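Asker: Build the full structure now, drawing on both the sequences and the hints.
Residue numbers (this note's numbering), protein chains in the order written: chain A, 1 to 875; chain B, 1 to 875.
There's no promise every hint is true.
If we take Cβ atoms under 7 Å as the criterion, some of the chain A residues that face chain B in the derived model are [said to hold, decoys possible]:
| hint | residue |
| --- | --- |
| 1 | Ala295 |
| 2 | Lys464 |
| 3 | Pro500 |
| 4 | His570 |
| 5 | Thr598 |
| 6 | Leu745 |
| 7 | Met749 |
| 8 | Gly788 |
In case anyone wonders, no lab produced these hints; they're calculated from the structure. The structure presented is a predicted model; accordingly, all values stated were derived computationally and were not measured. The beta-carbon is built from N, C-alpha and C at its ideal position, and this holds for glycine as well.
Single-letter residue listing:
2 protein chains.
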Amino acid sequence: MTKHFNKLTSLVLGTTLVATVASAAGGGELEKVMKARGLTENDVIRAAKTYNPTGGRDEFIVFSSGGQSGQVIVYGVPSMRILKYIAVFTPEPWQGYGYDVDSLKILRQGNIRGREINWGDTHHPALSEKDGKYDGRWLAINDKANPRIAIIDLHDFETKQIVSNKVFKSAHGGAFFTPNSEYILDAAQYAAPFDNNYHPIEEYKESYRGGVTIWKFDDKIGKIIEKDSFTVEMPPYMQDLSDSGKGVSNGWGFTNSFNTEMYTGGIEVGMPPNEAGMSRNDTDFLHVYNWEKLAKLAKDKKNVKIINGHKVIPIEVAVKNDALFLIPEPKSPHGVDVSPDGEYITVCGKLDTHASVYKWSKIKELIKSKKYTGKDPYGIPILDMKSSLHGQVELGLGPLHNQYSPVDGEIYTSLYVDSQVVKWNYKTLKVLDKENVHYNIGHLCGMEGKTADPQGKYIIALNKLAIDRFQNVGPLHPQNHQLIDISGKTMDLLVDMPLPLGEPHQAVAIRAEKLHPHVRYKMGTNSKTGKEHVGKTLAGQERIERRNAKGKIDPKGKNVFIYSTFVRSHINPERITVNKGDNVTMYMTNLERAQDETHGFTVDNFNVHASLEPGETAEINFIADIEGVFPYYCTEFCSALHLEMMGYLMVKDPNKKYVSAQKIKMGTMNKEQLDAEYKKTVAVNDATDAVIQSVVAFLKANKFGDHKTVAALVTDAFDQYGQIPAQKKLADEAYKKGDIEKAILFENMIWQLMVKTADVGIRAKDALVRLVATKQSASAQAGERTFGEGGCSGCHVIGKVSSGPDLTGALQRHENGEKWVSKFILNPEEMYDDPYVKSMIDYFNLKMPNQHMNEQETKDIIEYLKWIDENANLF
Amino acid sequence: MTKHFNKLTSLVLGTTLVATVASAAGGGELEKVMKARGLTENDVIRAAKTYNPTGGRDEFIVFSSGGQSGQVIVYGVPSMRILKYIAVFTPEPWQGYGYDVDSLKILRQGNIRGREINWGDTHHPALSEKDGKYDGRWLAINDKANPRIAIIDLHDFETKQIVSNKVFKSAHGGAFFTPNSEYILDAAQYAAPFDNNYHPIEEYKESYRGGVTIWKFDDKIGKIIEKDSFTVEMPPYMQDLSDSGKGVSNGWGFTNSFNTEMYTGGIEVGMPPNEAGMSRNDTDFLHVYNWEKLAKLAKDKKNVKIINGHKVIPIEVAVKNDALFLIPEPKSPHGVDVSPDGEYITVCGKLDTHASVYKWSKIKELIKSKKYTGKDPYGIPILDMKSSLHGQVELGLGPLHNQYSPVDGEIYTSLYVDSQVVKWNYKTLKVLDKENVHYNIGHLCGMEGKTADPQGKYIIALNKLAIDRFQNVGPLHPQNHQLIDISGKTMDLLVDMPLPLGEPHQAVAIRAEKLHPHVRYKMGTNSKTGKEHVGKTLAGQERIERRNAKGKIDPKGKNVFIYSTFVRSHINPERITVNKGDNVTMYMTNLERAQDETHGFTVDNFNVHASLEPGETAEINFIADIEGVFPYYCTEFCSALHLEMMGYLMVKDPNKKYVSAQKIKMGTMNKEQLDAEYKKTVAVNDATDAVIQSVVAFLKANKFGDHKTVAALVTDAFDQYGQIPAQKKLADEAYKKGDIEKAILFENMIWQLMVKTADVGIRAKDALVRLVATKQSASAQAGERTFGEGGCSGCHVIGKVSSGPDLTGALQRHENGEKWVSKFILNPEEMYDDPYVKSMIDYFNLKMPNQHMNEQETKDIIEYLKWIDENANLF
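Answerer: Next up, the structure:
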């Protein structure tokens, strides 16, 4: 009996607990959604793990290569929402990249042998490091197809530099920063002659070469210093991926390879194809080199050959100085990944089922004691594989890449053929868990997973074939990045993320809080150089200058320079006339200070476009080689009046005679009519100003300055409002001079400024209300939802009389207000004869309908109304 | 007492119900996640409403303009995941668009006055219609900056046509299909002279013109027919958006405007800017025109003027034929949106707080009875606004665009300044609900929300300023599309979606099931024309031809044609030698039939790239104008051996003498060594084949043919496997001839084919297992999760002996198996002396640890093990 009673009690107590959870998860409604959408309980947990409520932030930011799009993709984890495509090797008009003068200069830094290259095959992004940890300052990424490296500035997420490799013909194994961002390692892929001459394939072993380029990086300015960079010559083994040593192995670099067979195909002459010949050997070579020593060697002219203007350290110099070694590694490896402490180096041979873990202290000892098992045909000492290994472990089919977690010895490896991620321990050499992915996985991305300080929590599988994962969008499918939760004992696949553009090759993730991009530039900044732009123009400095070939101002000059400004919602100037054949340069300064107030600019038909972030000055240039009239406009929906933010470029042929058109007769207004319109316009402005002043009073009363986001909005609103006196002066002057037409127009301009002020002001007010209101109880929160979902808000708007009365203070209007309102909600019909209700029915010509609320819902609505009364001053 | 008892009973009964919900929502774990991530109950419901489990499909597909990126964005609703960026007006290398010959031809159709334009400002996508409803076949989109329309084929999501507007200088108000896709309406924006000559701004009223181009569309072939298209001349009122009538208003078009003031600015000479002058009037003009009648008129030469080779119907002709009228509409409107039945036309003036609902029957009557209130300066009859109106309703600040739902009279409008979506009724003219969005909303997108058959369910707010919604990614912010649930009585904002590239202007949504894109092309298809490609090459037809200027094969010709094929993982040919200066054309056929087996192709440094979908033939062309060695390769991660899918282009200078390099001495193998390697290779192949045969047996035994997805994978696997006999023959021939080296390589090739077979075969097997297994009970499902999360899977792998015994059949191994296993899970330590347990501890050298499972978890695991036993044949 006691036992039974206890069981009942526990059930009853249990009810409270379970009810909390059920309520915490929305009870019946959640069940309804699950049923409708066929979701399991695990699905809901996964949804909750990846969902960001409106305005919610992500914990990690991923920088993924954009593959053949030539761009970099930025997305958030765990929401897996893509935040930006950064233009890098391919022109991209939204960002103006390659369509304005300054960004085109960056793009053209990537010319190869004088040829323009307008795309890239981006492969391996790398974040700059301090002590082997990410510092959130710079991002480097390589182009495999046209061997280049680009540097992206994480202060504004723009590409600031492209350098081309002068000796490689392709480059796969980069970019990898050394632990203090001193250098960037970048290995070749397809061996080729270092010079630019023809060499027959039959002389592959003799004339073709691989190597690793060691780019000097100045991390203060975020630039590669080409003159201090050099390449280490290596045999034509098709170097693949690299990693930089760290901790105990700092100063060393590791690069693997996949064609030590030096096979060169010939399918067209009846030979087996490359894929057969390049994977014949059971082992290939891991290249181990001392970049620190090599960098010192490169400073001495006698150690280097200059090829195409670039320093190359020949194999024999590297060998002679004990700076280059080979270790056999399993069949055609993809990844070589150094552990957080630098002691273990894991290599996976994609055609071997094992991971091989090398131990740095063993390698170091072999090097120190010069214990070689022999030399390769190029004279490079070979270290014994077995003596270098910590051990091997069987993982499955097609192991490729590795990422680390903060748990000691824990490592995650992608299995391409098995389509799995395997969790194992590289110290104990034990497999711990496997998770299926869909489908073939290439790289995988841990959170800071290859730094000295891995963050764990998630692994992203970068899958190669999406096939049946998404709605079919044609024969070319998106890629699929799958987020895996690794915080539990075993992995759990949370969600699929389609990649809509490009085949991302590798990705790196950084804690979001390490990034500190700015939201505006110092007024007049050339964003590509970070310096003041030669075309910086402030309000009042707008002008059009005509210059001659020597750059002197000259009315006969053929070079037209337009110094223009942009502010919501006009461009100054609005009319530009040039001669056919003129060389037109337009400098554009975005005078806005407000976050996100970007303006775009184009002149129709001239294939130019610029994106002007707040404070930025950009430049476009074109030859006005066709006659005609060309509208120009702001290409951003920057304000309600964005369509009106435009002007005309007129290109006149100086050798042509133009006949004036016959005037069309238009209706005109008399003085009385003009005067009436003027008065009406002024009256509208006065009324609008009164609204603005009431918002201002509210903002001040509620100390908007205490809230950063709100304060920023208010500053922005006042920026618009502050322009009114100048316009008022112009209107008044015109009116005094009797030009009522002009006065009306300037008053109209005042109204536009007021609308923009109100736009931002209202946004500030709404943000402030939620910030300063008291916290809602769970019941009040449920009540607000019921109020919205149950139909109440159809007629009642809080703080306003709408189709029904304002409910602010409703509970105070009647004796026993809560009971009265509750009764009215539950059974309104019974109260239609109540004198107050009757008067309301008469006034609104509507009867309060029965919305069939239950008791709990009614109680919640009362709690919501109480919360409104507590915060009545805010509505 | 009875009452109390009842209460207890209801609580106990209630427990079951609530427990179901709690369990349905994962109980404690969900609560943990909510707490850790700060989620409310509403957040979890919203998460569940938008989450797609892995492989889950979306109900609707959205086609959004890509703004200044010049592309089209495709995403799913409700998951808000972006599936594709379709290249349209801007070159895009991933898709090869503008980087291969055939797509470049499409891009160059968009030249204007002979000039190359490499970007676009895409604005308004439109889906083709049948009876006013979407048919899922074609998508049209306009470029505002360079007036053009592009047609995208929804059978493969590729751009197939671009036409430029010969008389407009910008075009905003398109594209809008007529109800049976007979025509596409496309209005001008910034008025400009129709000819290409200079006309001073002072002659704006006389020489500048607006209009609507009515493009003839052939919906069978998905092409605009330029010769049957024409433009209706209109006054320089800056036409804005348009809509096509439908139902009762079929045959008519509606286009609004915003500068009936015909103001032309002059800020640079002290005049108020355009924004002030263009919004002076309280009303602008809605243009109402009979496109059906105008199309007939345009067929008669005497009704049209030919300007720049394009037909223009002058205003006077349109007026004379009662085909063009004006109606005043509120201040500077943005949207004009015809109701599903065609009877109501809603216009929102962005500087007015009202929506104005016009009634077609009233307009029609006024037109019929020729009741005009006057004429504009260009002679166009003006209809009375009040007499045309059904009514007006106050919505809020900055109303812009409208979308419909299936509920009679229900309409949704965006409020730019208030940053809200308002739901109201255009028949009763009542406001029903408002929802805040973040922040300023431009267009909004309903599900088929402007067709004759709106689908309701969701509205997407296309917001313009993201500001604080996302992690800061620099001064240029993503846009924000917010998904709103409209299935309840009031709206509920579900989730934010950042747009990473471009400022989407408008979007249209279609039910996903209406789209039927294919996954492969007929072998050798030119995807841009849909016809067989001139360069189609099948296996065995690969060749290199040299032709002269006349196209004749000629060893002295300077034109090199390469007919190549692509298949996992080799390109045929692998070596190409040409002379410096040769004009090189490469035809590439992707021989794959398997879904998603795309290959990419580039020749390093030549700025070419092609994407080859299964069955596609593409073409690249370049002048080999620099000497050297240039690797080429497949740019897709198409298989584990993708790096090996490469070859070399060698460009030789025919006027240069080359000296042979001195041979490097390499080690060679003797006959015994070669023989040993040969035998080893054959043995590995035999073993691999045995694995493949076991998978094949499993697939056959489980009738893989009954499952479409699995059958497709098996076909793909056999495609690889089927290539083995030919390779085997080559290997055997070589061996017979004594060329063991070559025999080894061909055996290696066999192994590669086997690996690819196994890759796909395993994927097929895994898919089949889940399809044919019995359905898991809720408890078994919970058990699988506990098995995974609780640590069991660290040692036990179902169907395999791993670090612990295989658990298939575990329940049968002991008497009272369930009880035995249950006891062992709960208290393993107590059973270490059990003889069976002891033997296992000895064998695995590991003791089963206590994982601290509770009774329920243990029960669930037992259920999971039962499920495994039921399906033991599958593991």
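Asker: Each hint should be assessed against the structure and marked as holding or not.
Answerer: Hints versus structure:
1. Annotation: interface hint on A/Ala295 violated; nearest CB of chain B at approximately 28 Å, more than 7 Å.
2. Against a cut-off of 7 Å between C-beta atoms, the interface hint on A/Lys464 holds, since the closest Cβ of chain B lies about 5 Å away.
3. Hint status for A/Pro500 relative to chain B: holds, with the closest Cβ pair at about 4 Å, below 7 Å.
4. Below 7 Å, beta-carbon pairs count as interface contacts, and A/His570 has one with chain B at about 4 Å; its hint therefore holds.
5. With a least beta-carbon distance of about 6 Å to chain B, the hint placing A/Thr598 at the interface is held under the 7 Å criterion.
6. At a threshold of 7 Å, the smallest CB-CB gap from A/Leu745 to chain B is about 4 Å, leaving the interface hint in force.
7. The closest approach between the C-beta of A/Met749 and any C-beta of chain B is roughly 4 Å, which is under the 7 Å cut-off, so the hint is satisfied.
8. Nearest Cβ of chain B to the Cβ of A/Gly788: about 4 Å, under the 7 Å cut. The hint holds.
Figure legend: structure checked against the earlier numbered hints; the only hint not met is number 1.
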